[in-house]
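Chemist: Single-letter residue listing:
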Amino acid sequence: MAADAGEAQLQVRFITKQEQYAVSDSPYAIQSNIQSSELNTLINALLKETNPTLGKVVEFDYLICGELLVSTVAEHLQEKGLSTEETLEIEYLERFPAPSPQDCLMHDDWVSAVHTHGNWILSGSYDNSVHIWNTKGQHKLAIPGHTSPVKAVSWVSFSGDQAVFVSGSHDQSTMLWVWNVSGNSVDCVVTCRGHDKGVECLSVSADANRFATGSWDNNVCFWSTSLSDEDNIPVKKKSKPEQGKTRQPLTTLKGHREAVSAVQWMDHNTVVSSGWDHLLKIWDCELGGIKQEIVGNKAFFDVDWSPLNNSLITASADRHLRLYDPRSTDSIVKTTYTSHTGWVQSVRWSKTRDTMFLSAGYDGQVKLWETRSPKTPLYDLSGHEDKVLCCDWSNPSLLISGSCDNTLRVFKAKHATAGS
Amino acid sequence: MPPYKAGLLKRKIDSNKTNSTSADDKEQSSSNDEENLIQGELDAESDATDSEHGEDDAESDAERDELTDSEDDNESDANSDDSDNSNNSEEEHSSDSGAGTGTAPSAGSSDEAPKNKTKTQTSRLKPQQPNKKQTKNKSTIDKLADKIKETKVVEPVQQKDEYESGDTSDEEDRVNTAGDVPMWWYNEYPHVGYDLDARRIARPPQRDHIDDFLKKCEDPEFWRTVRDPATGQDVLLSTEDLQLIERLRAARLPSADHDEYEPWVEWFSREVLATPLRAFPEHKRSFLPSRSEQLQVARIVHALKMGWTKTRKQIADERRKKRERQFYNLWGAGDAAEQAQRPRSLPAPRRALPTHAESYNPPPEYLLDKREMKEWDKLAETPWKRKYTFLPTTHGSLRLVPAYPRFVRERFLRCLDLYLAPRAIKMRLTISAEELVPKLPAPRELQPFPTAEVLRLRGHAGPVRSADFDPSGQYAVSASDDGTVKVWETATGRCLRTVELGEPVRAAAWTPAAGLSLVAVALGRRLLLLNPGADVGAARVAARTDELLAEAPPAHDAAPDARTAAAVSWAAPDAAQWARGVRLALTHFRPVERVAWHARGDYVCVTLADAASRAVVVHQLSRRRSQLPFRRAKGLVQCALFHPTRPQLLVATQRAVRVYDLLRQELVRKLQPGAQWVSCVAAHPAGDNLLVGSYDRKLVWFDLELSARPYRTLRLHGGAVRALDFHRRYPLFASAGDDPYLVVSHGMVYSDLLQNPLLVPLKQLPGPEKRGELCVLGLRWHPTQPWLLAAAADHTLRLYA
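Protein sequence lines, in the order shown, are assigned to chains A and B.
Using our numbering, the letters of the first sequence correspond one by one to residues 1 to 420.
Using our numbering, the letters of the second sequence correspond one by one to residues 1 to 801.
Same shape as in the complex, but just chain B:
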């Protein structure tokens, strides 16, 4: 509550008090009368007496020091004016009074001031008088009044002294302004300092000891005469001075009229006054919350929040809890967390409402007759077969119904049930197997793809090792262990030509160059280049091919180095071989395993068995030369093929597939299929994807743009994967191996690099039956149609469409 409001409240209470305590007032009236009298005197004397006002001023000074400053200034100004006025008149006699009134002027001027002020101040005081009268019953005011009374008694004496003192303000002019310097500095000079006008103050005539003695003898006042060192003049000490000296000597207070032991007046008490003791308003900061306090409180609150400090109540609670004994709540429901962990309880099924048969007095048709009773008895061994679980019986009234004999037993069993076999909701796994299968488009939407076997090409007498189509898809060529290469017409399955080579043929591959009819055939250590076209109806193409091959290689070719020469030798076929269609024969130092053409048809890459570092040989047909691209063996080379678009060579060893750049002659990347034994590799015609088949039944798809890690591993086969092929036009690939199925899959590669390839296994085609361990040895897609040619171990080729 702001102080002024409290004051108001207090005033109200006081007014009530005055009403209620009027009797008290009357009782005190005897003493009050005296005060009133005094007050009345005060009023009467207020105009006349300066001392009262002076006292009043002093009081007001004490109450409001700041405010009165300005008034004091005014007063001092007035004083100076007065002194100026008086200076002129009193200059003459001040010089007369001389040393006797040296210190007086200051006191005199201060005493004079109230005298000048009285007229203004009395007018100011007068309005305050009624207030004082109203509040005279207050103790502090009483004391004030007492004080005034006391001072009033003393002051007339002081006043008299003032008037009697002869000092004037004139002598102030003669003040020595030498400053705070020892006076002996002037011993040698005729003057003793300077006055305000910088005139020298002449040293007064010095007296010697004789003069002193004489004066001591003559002057009765000599004992109280002292010399002022500043002016060099004799000063006669007044009686007050003497008294003062006496008091100082006696170690008492200098002023005689100061009462050291006067009673202490508590001006500033906790009591709220009706009018403030000091008139200036409350300072602003008393209305504002304290910043430092706020910080301190915030610190405490934070500590409370964080639990660093605790309130007394909390500490007490904790202490009490610690003192209490802890019991395990055996019957309690447990806390929420425990409740959540427990299996959710299942509400018991609602019991069926009782029927008529359960009534204490059932209708007669519900009672069992003799026949039913007999049946009831018969089923005593198997009570669950009975019509009722109880025997309907009739009672005359409800009162006659006996106690249920099995009540306790059934309650016990119920409790056992609850305890041993609590009912709970069994959370069954709702994920069905279908949901776990990834969302793939339906195979119907991904047509066309081969769905059935349409042609079976018979004619070989041994397992067919490999098959290939010519670039237009009109013919197919197959290589078999019976030592023949056969050329077939694709559309009808007609064998158009059989080339007897007399040695099991490992591989046959038709050149991918359109307009040429050239088949690379691997048998034993030889690689033969056949031209089957002449006899199968492609005479013009065959002639063009022969023409091209007849061109001699450029003469400026450097001779092959010794290493290559030891590995490969080129030979032109003899006449008999030429008649069979052989156009070129290359003999290697090791058996040829696989043959792969470059996309342009000039290079053939040959994989040799057990040849260590010379396992991969690249032949260039136009220049009749061979190259051994590798100096050191990186492993057992399974197959090597050219990248379909870039000048790169893919070499599959037992565990890894390496991609070599042929131009820069360096390893580009190494792919780890994670398979035990890689069997075959096929490159997507766009070149960015690679499919690796392995003998441990895996198919590993690599996205070369994505990473060197497998993009996906497909397990589509129950046996080793031996053959793979990508379709050149449709997003299809096929794989086959030792299990009697060919798997045709959709392998869509998007031109958008952000989109991953979509792999969907489409169809499991029933393949040829097994011969020994082998089933399908080679696979090839038709270059333009979605047809698949499989070379089978059962001496046939099968075309699926």
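Extracted from the complex, chain A is given alone in its bound form:
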């Protein structure tokens, strides 16, 4: 066997969890400098043998020792310090198809917040307005109302024609809006005042009954989303009918020493918040106390929780994204994802795939990550010309990001429903 140093032969066995693409269990001998594209042709050839009915060529990703293959097999093995002597098990799975740019929604000012629900996109801008778009790219409504840049928006509920959303702004208020879809008219139902400084982030609970806001005054507040406020607000407080009703927070959680940069609901009564004081705090809403505290070493800019894999992904004041497991007692970073060249401002888990998330950074890049590939993202969603301030993957088929170049870019993810 003429084996050059770079072209050693490897014994590999292909396994997969996707049954429709299963191939025989027998080991194959391959060259070690083979890449994933060559593996693709091999697997496809094997598939064609076993299952001639399979028409088109399928793209696969390959996992060796729990990490995605991005270079040649030899380099990957060298990096992991594995021997080439033994039979290697390569797991393959259908590759997530590259998202294609779909739309670019122009705004008048920086886009600071975005949220999608079904076909509707809600965006907040630095020109103090909230915008509603549909997924086709049509601008439905521009809603002025805040007196300072809108920093956070979120849909609350859709019920027939009536859609409810909230927006938080630097003018220290959070507004609860009702949008009549068919009539395309919007109304500010409740103004929530309770923060001393600008509202930085907000998050609506899964049952859409409550939402949490984080602010520059270091507090996390819980609010009710009910449109009528007779049940929880004293009568004397009702005033300012022109601005709608004013609402006080249900609970105020004090604990952060500096600005709260992000809040996320973990389940119906647990909220995680991240702050500039380098802390991740997990709050129990009913008790109003801290359940857990994770100390980082940089100010956190964003955090997101995935119920699919029970992990927290965070963006901090450096180039790295860090994956935390709140169940582990020692708050050690499980993985660090490094590819951005500037601060990462926003990070969002996929709602359908437990291993994928989206990040947006000040380097103008939106990156689609696979948790098993810490060095290289799956795709770079480029297009923004300035800092990207927010991103959203609430609709599994739409990857949306808003930027300082006054645009909201929408990427379409093909066959987004596939997965676990």
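Only true hints are included.
Listed below are the simulated DMTMM-like cross-link pairs for lysine to aspartate or glutamate, each with C-alpha atoms no more than 25 Å apart in a straight line:
(1) A:Lys-197 x B:Asp-602
(2) A:Lys-334 x B:Glu-445
(3) A:Lys-298 x B:Glu-453
(4) B:Lys-763 x A:Asp-363
(5) A:Lys-140 x A:Asp-127
Away from chain B, derived, C-beta distances all over 12 Å, residues of chain A:
(6) Ile-30
(7) Asn-44
(8) Glu-67
(9) Glu-91
(10) His-139
(11) Val-186
(12) Ser-328
(13) Thr-376
Derived by calculation from the structure, the hints in this document are not laboratory data.
Note that the structure is a prediction, hence the values are computed from the model and not measured.
No residue lacks a Cβ here, since even glycine has one placed at the ideal position from N, Cα and C.
Starting from the known structure of chain A, fit chain B onto it as the hints suggest.
Modeler: Then chain B, alone, in the frame of chain A:
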């Protein structure tokens, strides 16, 4: 050797001698026989004759004076006893003998004593006789014997005289005890003195001249009769007395039998006797070293040691050396000191052992064949390229090997090499540059600190003069030459508000008081206090600030003096200005250079340009009044700022930084940075350390607790240092100036006063590009995060994190 031992030795030798010289003895026997005879007589007479014993006693007295004292006492006691006994019997006839025996008693008693002793002494002498016999051949003993013999011959005459003298001891009672007084004192009295019983001694009957004459005629003995003046009695001089007088008159010795010229007997000679001449033991001091001698020897030894005195040998050596001729040791190795100074010689490398080719008869394969010979010849010009340094040649036998033709030449060259190019070990300096760098912790261990530029805030149309953060760090404010003040959102770099002021703005500083939104802005001669909060989302804070400012100043304030009034005037803004956010306006008589807030936010310290003694003005916002803290100018004031913790004011002039106590109104200390022109000063938030930047590229760290001298001078910049700042929370400080770099350094101040601050330059951040001569004009740390905001001359602000 102790004397007794020497004696023993001597005795032994003597015994040998006696054995060996027996013949001699026989020869001398004729003379010895006579001695023996005499000795025999002596023995025989020893019991009978008192004189011999007396003589013997006298001898023994001479030998052992001390020991015999007691014996003498005994003797005298015995004598007194005897005399007592005899006194009673002889009293009667002593009075009869009268004056004739006046002086005799003492002599008589002394003569009597040996007589009494004889019995005891003979018994003592007898054992000694054999010894004398043994040692009779010794000269001294011989002489002794001779002496005894002589005395023996004389003594019987003396004895006879003794017995014949009529004096007795009875007359001693009649001794006149008048004492040593002239006898004429008693001329008038009937007595002449007193006897021992204090009875008067009656004057004897006096004779007149006639009686004397008669007596002279009658008494044939008159010529030898004298009167004793003490007793007044006549004494008849004996024949001996007469003889004595005669001898004295003739100036001869009183005693006739004393031989003046008798031969001297050397009793104490150097000869060691078998038995000691004196029986008492050696005194203790003869065994002990002499103290004085010891001191004397010690003095000499010390002098020898110190070289003050020299032994004869040394003196002789020196003299000899001086006489010798001195030569320089040309070929010698030199002394050790010289050897040490010289470079250490390097042993020559060992020569390789000869190979087969060097043999006188090398194997044929080592000999050069034709082709190799040709090559050899070809390389004649460059012999060092040849395969061998010599030509292998074969010789039939060793005997046929010719002499080496270049031997002398090569030796000469070798000597030249040794002389002109001696091999020596070159001591290379082993200190590497890395070792000279002080040991500092690695920057990785000192994180967090800013490492890269993350945001660039664009919007200004002119160089940005200064920048500041609000107390929470949410906003930043910047002042630019384009006449605007901009408020930015820190996290995104969004310009939230622009205030047009229409005049280049020198400085902007946000109040450090939390919960207030007030920015002090210096432009031209004016100091404006802006409230930017309303439009940037801090409405509540802004409202609170406006509320606070709306409060009228207390009415009881005294009016400012003329000097202050001439320098500063307060004014409320008009409506247009109010809309732009101006809440207070102060106009100074000179352009405002710098603005510094007090930590509590009530006081603002303003530095005016070219204002001499009025360069520093302190404004109190709550009371709307100003103060001029200094009467006289101490120099060109560069900047003034409040001490972060104490009521002190730091004023930097061109060459010095002065610390003034504001309460006591006095100079606390004066710091000399040693820089040519101080540009800026920053105080550590703990208050004990000060950083001074200068236009001559220096950064000077002062530890105020340590001394007024610089703790360390850092040269981190290639250009003038224009901006400095300490982080309020992290041990970080940053400096920037006219070179396109910002330097972030770790400046750890320990609470332990004994530990010096640790200064570690951490990171050189690439700064903005130069515009003209300027690069970075202002620096400010984020109040809570390790982020650095730089105001640049290229119209931007940069945030590093």
